[in-house]
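Could you slot chain B onto chain A? The hints should help.
Sequence lines, in order, name chains A and B.
Residue numbers are given in the working numbering: position 151 of the first sequence equals residue 151, and the series is strictly consecutive.
Residue numbers are given in the working numbering: position 121 of the second sequence equals residue 121, and the series is strictly consecutive.
Please note: incorrect hints may appear among the correct ones.
Stated by the list, open to error - Pair by pair, the computed Cβ-Cβ distance ranges are:
1) A:GLY55 <-> B:LYS172: 14 to 24 Å
2) A:GLY55 <-> B:PHE187: 41 to 51 Å
3) B:PHE171 <-> A:PRO124: 35 to 45 Å
4) A:ASN39 <-> B:PHE171: 31 to 41 Å
5) A:ALA15 <-> B:THR183: 31 to 41 Å
6) A:ASP237 <-> B:LYS172: 41 to 51 Å
As the list claims (entries may be wrong) - Which bits of chain B does chain A cover? Going by a derived footprint, with three or more residues having C-beta under 8 Å, they are:
7) 10-16
8) 91-97
9) 101-112
10) 253-262
Treat the hints as calculated values from the structure; they're not laboratory data.
Using N, Cα and C, we set each Cβ at its ideal position, and we do this for glycine too.
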Amino acid sequence: MGCVIETFGLTKRFAQVGGFIDLLHPLRKKEVTAVEDVNLKIKKGELFGILGPNGAGKTTLIKMLCTLILPTAGSAYLNGYDIVKEEEKARASLGFVTGDERSFYWRLSGRQNLEFFAALNNTPDPRSKIDELMALMELKDKADAKFYSYSTGMKQRMAIARGLLNDPEVLFMDEPTRSLDPSVARNLRDFIKEQLVKNQGKTVFLSTHNLDEAEQLCDRIAIIDKARIRACGALNDLRKTIKRNETYLLEVKGFPGYALTKLAEIEEVISFSMRVHSDLTLLEVELSSSEAVLPQIIEIIVGTGGKVCACSTKKIALNEVFDQLVNKGEKIDI
Amino acid sequence: MTFKKALVFIKRDFILLASYRFSFFLQLFGIFFSVLTFYFISKMFEGVAIPSLEQYGGNYFSFVLIGIAFTTYMWTGLGSFSGNIREEQMMGTLEAMMVTSTGVSRIILFSSLWDFIFTSIRAVIYLLVGIFLFNIDMGNANLFAALIVLILTVVCFSSMGIISASLIMIFKQGDPVSSIFSTASGFLGGVFYPIAILPGWLQNLSYILPITYSLRAMRHALLQGYSLEALSTDIFALIIFSIIMLPLSMLSFRYAIRRVKVDGSLTQY
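Just chain A, with the same shape it has in the complex (with noise of 0.2 Å):
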């Protein structure tokens, strides 16, 4: 499957605007770097995470493969077309969904915005696409009201009505769930998952801050910090590159305090936990060395009377990639 979006070493220097001591200096250029040497390959109908702290450079990097902005060096390609030399080719390519509400005519329809962006982007049978699309975002009962009398979980949908309006290939989404609660939140990653990329087939780029959503969504992950991608990959393969001893779940019935004593002996116990939920006790073990001392430990158990009704790893998760490369500042090659 080919790539429908392809950069390589895209980067980004914005001037920094100085103060009136800088008009002695001329010549003298400040510059702060947003995005740094960038090389991403995406799949058709991959959904892609772009997870970083804020100020970390994921607007930046999808207002320059939008055409909004222009890159310093490197190149990119969005379905093909060269953003900087084909922009209008790759405009069409593309649909941008953004977290600002804004961005609407809040004194027109839901329906009058649609029709007015649909003919701006050449929408061919812009009524019956409107009506279409419409309907998959569950709007069509309010598409006459005035957009302001939309909930902000409805106002988020015609963001996503509106970048489907092209029928793009991919679609770029900056922070769709910033301003949703919980539930409207969770209800429009299941969309974006099901409808979006699985129904429809769309590539999804979607920036967020947000780790749990990047967890559920992502099918590949790009962490960006202070402008450079730090890793990039399926969240299982990231997983993988975090040096972190190993951590058993053990689910227990009847077991004795006393034997906490015992695991504390075992030199290679590094920490342990527990919590008691009724007749279940849940132990929670870091190990520095697991294959030879789990054993130990569940003899330790059983031979003090416990039972051990469930054993398993604990995952490693996204938060822990993220705090790993973007608060301890460590760098993971992939």
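Chain B in isolation, oriented as in the chain A frame:
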């Protein structure tokens, strides 16, 4: 497709304007009361022969009515493009338009269409109020010549307006072009009084402003029924202004678009 796009911009702006009904009717009332004000001012000159008005038929009220009716085209041409860019930036809709398949120059051009239509409606109301309520005589008007002058006027002022919009895109505020040009035009262009009453050196200055030629030609066409041939000097001057200003405005706009895309300040205000 281009025509269809132009229509949706007009439809959008009409619906938005009509949704503010009170403001819409206030503007119409404003026209009536400004006509009334100048009518009473003109009463002061009734029965007095004013030599500088002779070439326009000698009536101050008809002179000033055409002045204010068509100066609105200058305000629209100068302010509409930059005003619309700023408004769309502040409303947050500019970015949404910029990612569509419609080029930015057409977006800016079409955004101003309704302003010119509304200006034309106002100009017609000014003239109709003058003709039917205050008995201005336009029986000899050469409407075709007036239309040619009007088109050239719109091209000249729109070019200035596009240069002004380019500056607004880059500097966001404080565009010097439109403020200097509109102040100078109001003062020297013969809107409220004939330029013949100005001192010689100010009269000379007024000839570097397109509005001087526009208003003179418009008054001659509507009040005296001058032919295109008789208006050729003014029309030629307006063509020269258009030939210089229009490409300059296109170049400045292209430069401004590139500059804000490099700066990333397209949607900042």
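A quick look at each hint next to the structure:
1. Separated by about 22 Å at the C-beta atoms, A:GLY55 and B:LYS172 satisfy the suggested range of 14 to 24 Å.
2. The supplied range of 41 to 51 Å is met by A:GLY55 and B:PHE187, whose beta-carbon atoms lie about 49 Å from each other.
3. Separation of B:PHE171 from A:PRO124 is about 40 Å and conforms to the stated range, judged on CB atoms against 35 to 45 Å.
4. Here the CB-CB span from A:ASN39 to B:PHE171 is close to 36 Å, well matched to the stated 31 to 41 Å.
5. One distance hint, 31 to 41 Å for the beta-carbon pair A:ALA15 and B:THR183, holds here, with the actual separation near 33 Å.
6. Separated by about 45 Å at the C-beta atoms, A:ASP237 and B:LYS172 satisfy the suggested range of 41 to 51 Å.
7. Under the rule that three or more residues need a Cβ within less than 8 Å of chain A, the assignment of the region 10-16 of chain B holds, with 4 such residues.
8. Look at the region 91-97 of chain B against chain A: 6 of its residues bring a Cβ nearer than 8 Å to a Cβ of that chain, three or more, so the hint holds.
9. Judged by the Cβ-Cβ criterion of 8 Å, the region 101-112 of chain B is covered by chain A as claimed, because 4 of its residues qualify and three suffice.
10. With 3 residues having a beta carbon nearer than 8 Å to a beta carbon of chain A, the region 253-262 of chain B meets the requirement of three or more and the stated coverage holds.
Figure legend: structure checked against the earlier numbered hints; every hint is met.
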